[in-house]
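S.K.: FYI, the numbering used here numbers position 90 of the sequence shown as 90, with every residue one higher than the one before it.
In case anyone wonders, no lab produced these hints; they're calculated from the structure.
Using N, Cα and C, we set each Cβ at its ideal position, and we do this for glycine too.
Fair warning: there could be bad hints in the mix.
Pair ranges (Cβ atoms, derived) [unchecked claim]: (1) G22 / E130: 15 to 21 Å; (2) T184 / K113: 37 to 43 Å; (3) R164 / T7: 47 to 53 Å; (4) R19 / E185: 16 to 22 Å; (5) R164 / H101: 25 to 31 Å; (6) E130 / R18: 42 to 48 Å; (7) E172 / R19: 29 to 35 Å; (8) L17 / T184: 32 to 38 Å; (9) G94 / D68: 20 to 26 Å.
Pairs of lysine-lysine, DSS-like flavour, derived with a Cα cap of 30 Å [as the list claims (entries may be wrong)]: (10) K100 / K33; (11) K138 / K33; (12) K24 / K74; (13) K74 / K113; (14) K105 / K138; (15) K192 / K105.
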Amino acid sequence: MARDASTASAVTMIELLRRARGLKTLPRAGWAKRRVREVESVADHTFRVALCAMLTSSTEAARAMGVDSTRAVKMALVHDLAECVVGDITPCDGVSDDDKHAMEKRAMDDLVKDLGSVGLEVLELWEEYEAGTSATAKLVKDCDKLEMVLQAQEYESEGNAGERGTLEEFFESTRGRYRTTIGTEMSEEIEKGRPGRE
């Protein structure tokens, strides 16, 4: 029986899932470089970005922007998928944004090459996220930042802020960069919860 080339087979889907397993054991590099203990994995981060996308995309403000809730959750799930191939590249690694994007694009092309139409969907979602121009991508990018600062706030509250005792640089890197009202509101609430700021 001939297989339809537009669909993924069980074998090709399992292969992607096996490769994505690397995200479960890949530490978030920014925390590791700051010597935070018991660093979350990229998969941990991705889960909470997807949950944030689900919650925030259901708000009246997101609906008014034209955010597609289902697309937001799917986009959040694949936004860091390339990292199972290239690793978690941070701004302090000295890799330009263009080079990082090119490396991740090659990884994504390879990851989805045998997945037919679902592979094309994964790639389109990732490319839309990277472009960051659609209402849905703007919201998911805000969720990515929100998850990072929420994790930073939690590490600080646990006394796990690395050698410096603060993770201020993570908050500083996001201030004024949210592109949705809900992103701005949530970031302000997260900052209020930092130790000594209640």
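S.K.: Look at each hint and say if it fits the structure.
M.R.: Each hint tested on the structure:
no.	hint	verdict
1	G22 / E130: 15 to 21 Å	20 Å, holds
2	T184 / K113: 37 to 43 Å	39 Å, holds
3	R164 / T7: 47 to 53 Å	51 Å, holds
4	R19 / E185: 16 to 22 Å	37 Å, violated
5	R164 / H101: 25 to 31 Å	30 Å, holds
6	E130 / R18: 42 to 48 Å	24 Å, violated
7	E172 / R19: 29 to 35 Å	34 Å, holds
8	L17 / T184: 32 to 38 Å	36 Å, holds
9	G94 / D68: 20 to 26 Å	36 Å, violated
10	K100 / K33	18 Å, holds
11	K138 / K33	27 Å, holds
12	K24 / K74	18 Å, holds
13	K74 / K113	18 Å, holds
14	K105 / K138	19 Å, holds
15	K192 / K105	37 Å, violated
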